[in-house]
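Chain by chain, the residues run as shown.
2 protein chains.
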Amino acid sequence: MKNLIVGQSGGPTAVINSSLYGVIREGFNRSEEIEHVYGMINGIQGFLDGRFMDMKELDNDTLEALRTTPGAYLGSCRFKLPDDLNDAIYPLLFQKFEEMNIGYFFYIGGNDSMDTVSKLSRYAAAHNIDVRIMGIPKTIDNDLILTDHTPGFGSAAKYVAASVCEIGLDASVYNTKSVTIIEIMGRHAGWLTAASVLARKFEQDNPVLIYLPEADFDQESFLASLEECFKTKNNLIVCVSEGIHDKDGTFICEYAASAGVDAFGHKMLTGCGKYLENLVRDRLGVKVRSVELNVNQRCSAFLQSETDALEAAQAGAFGVTSAISGETGKMVSFVRKSDKPYVMECGLEDVNLICNQEKTVPVEWITKDGTDIAQAFIDYALPLIQGSPKLPMKDGLAVYAYRKPEK
Amino acid sequence: MKNLIVGQSGGPTAVINSSLYGVIREGFNRSEEIEHVYGMINGIQGFLDGRFMDMKELDNDTLEALRTTPGAYLGSCRFKLPDDLNDAIYPLLFQKFEEMNIGYFFYIGGNDSMDTVSKLSRYAAAHNIDVRIMGIPKTIDNDLILTDHTPGFGSAAKYVAASVCEIGLDASVYNTKSVTIIEIMGRHAGWLTAASVLARKFEQDNPVLIYLPEADFDQESFLASLEECFKTKNNLIVCVSEGIHDKDGTFICEYAASAGVDAFGHKMLTGCGKYLENLVRDRLGVKVRSVELNVNQRCSAFLQSETDALEAAQAGAFGVTSAISGETGKMVSFVRKSDKPYVMECGLEDVNLICNQEKTVPVEWITKDGTDIAQAFIDYALPLIQGSPKLPMKDGLAVYAYRKPEK
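If you read the sequences in order, they're chains Y and U. Count the first sequence with this note's numbering and you get residues 265 to 671, in order. Count the second sequence with this note's numbering and you get residues 265 to 671, in order.
If we strip away everything but chain Y, and leave its shape as in the complex, we get:
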């Protein structure tokens, strides 16, 4: 009997631990094929330093709490394996696998993590090593190809939509003209910013303008659009991706950087939201504010999508089942069978085709000269934000799974 090891890598999401839960539970369930379920601490990097834990250390409450604990329970890393498969790190890693009798390795992560899965599975194949290596996707950015969507996106999208709704209510209390610019994560792909359209409850409701990095941003057109919107509405909410850029490819946030230095003489870095706030104040003279939806976008437990959390766990479990049945070098994918009713199945894709690619929002889902989002996106995204998992609560706050300090 072989052992299983699982690791987490890259930025955290609200449901990456839900995928971890899926892997562990299915690992435990398959006790005829799998003896021990181990976890790498801080991913491949920590594992190379000899850091791992046996998952049987988790009591049942902690294991169940994983389903709704944001972050990365096992700790994460940003570690890129060398492109040269002859590098000494590969035999070292597989020797460690052999010492621990590892037959299955699962890596939960985004693009870079799939690169790791690709390299390790190719190395194993080239050296006839029977360790089955699988990728479990996660990223709030929803930018992995060959999958309908990624675990983590639904919860982040729900956070964005709900927050934009709330900020819209907050911004509309006074009877004076105002602009609120909400900056949303997404450097190259605008999926999360597009989700702000879900906040719109009626015609002409906020957000009135939505800008993604998939379309060029023009400052003058933006100001003209605001003036147009003011004709029918006093309090305007504008949603922008952090990565919006003009037609020459210059990021809007770069325009801000040209000016100031901080109190320590370093170049002052601000986001595009802050820059646009200053632009609007300077040119339109109205009350203006920018809000940066910060890390809570990717770590909010209270705005988790239950659909997302369940699918994340399902992806983990499906990876284990597939590996046991002989698969390796694959990433678990989501295949949508239907929108209404929403039906999703897990599939498998060759991880080599996925890593280092990027899926952006289709241009036909961006409308009105790049200022709005089409119904097709709404139909796509709405099923992904449904339901709210029940969080274990204590003293008015959620109870999370915390890893005990290592000895």
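Among the hints, a few may not be true.
[To be verified] Computed cross-link-like contacts, EDC-like style, restricted to lysine to aspartate or glutamate with a CA-CA straight-line distance of at most 20 Å:
1) U:K658 <-> Y:E328
2) Y:K604 <-> U:D659
3) Y:K658 <-> U:D659
4) U:K668 <-> U:D348
5) U:K604 <-> Y:E328
6) U:K465 <-> Y:D643
7) Y:K465 <-> U:D323
8) Y:K497 <-> U:E467
I should point out that these hints are in silico values taken from the structure, not numbers from a laboratory.
Following the hints, complete the assembly by docking chain U onto the known chain Y.
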């Protein structure tokens, strides 16, 4: 039979509409004493422009949705009545009240709104006008005197504590030293920042340092405290009030303003969080990030405290009952009868004693040379964040009460 009018004023909170609900429901319930329940649109200012609505226009779903809708359903204003009670605005206002046969006026708001209640009730008394005028408190800042706490604080405190928990999970995934500085609302009173202590789940858990405006902030001591914390912990969360200042009274955010200008030549305004981020980067050379908990602090429906929402409605209803029984010139207050079990009763206080005063966090609740919060605060605040109201949901998002555009 007389009519009732209610208005909202000042910044929005998560539960100001819950107080509005309380006033309207109790107004409807007392149909033997009260004929019509009206609402001022955009407070006193809108009312002076002839803008109001009859609350019977609200269908039952909308009325019930008010209980969990953040913002200010009736719209708000920032309008200070003149100190001179001989000003022409007073007879104008009371003439409008007379035309509408108003016998009861309720103003839901903070310090400035209580100033309005004080002036109008003094004018009415001086001129023997039988309009009963009552203040219903609301402010996330919790800075009104003569009340145990204010509606709005519990929900904002819950948002702060939950967000700090989540950011702590997010910040702890990598195995490298990092500092995350969370800037929390509160210019003069540190109540909300103090609530970040509720995020701490075990000894040495984050946040490791908490700074309120009630204590002087020293930059060198802060850096030394961080170095000390790094001895036992890699990922440090620090919570600061936006209004922290040094011993000379200089706001920490002012240190940032001295340096940069924005791309339009205007002085660059950043918060103290951003300044401290740059300070830590410059001096300690570790990974550092600042997060500004933005307007969501005061408008999050998903992190409403049920206790807060219920108490807010109770305050509104109690105000109506009291006014009908003859009270005027009072603010509804909260009187805590016991911590464990938590028992709270509504009371009444002379609004003239309350307006233009400010309640700060008692110095004995600030410990360890101004870097931490005492157990007494935890005992005080914990009952206020309990419970989560059930939000009406549709398509994965909360359903809110929206006011129809005026004709």
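Hint check results:
{"no.": "1", "hint": "U:K658 <-> Y:E328", "result": "violated, 27 Å"}
{"no.": "2", "hint": "Y:K604 <-> U:D659", "result": "holds, 13 Å"}
{"no.": "3", "hint": "Y:K658 <-> U:D659", "result": "violated, 28 Å"}
{"no.": "4", "hint": "U:K668 <-> U:D348", "result": "violated, 36 Å"}
{"no.": "5", "hint": "U:K604 <-> Y:E328", "result": "violated, 30 Å"}
{"no.": "6", "hint": "U:K465 <-> Y:D643", "result": "violated, 40 Å"}
{"no.": "7", "hint": "Y:K465 <-> U:D323", "result": "holds, 18 Å"}
{"no.": "8", "hint": "Y:K497 <-> U:E467", "result": "violated, 51 Å"}
Hint check: violations occur at hints 1, 3, 4, 5, 6 and 8; the rest are consistent with the structure.
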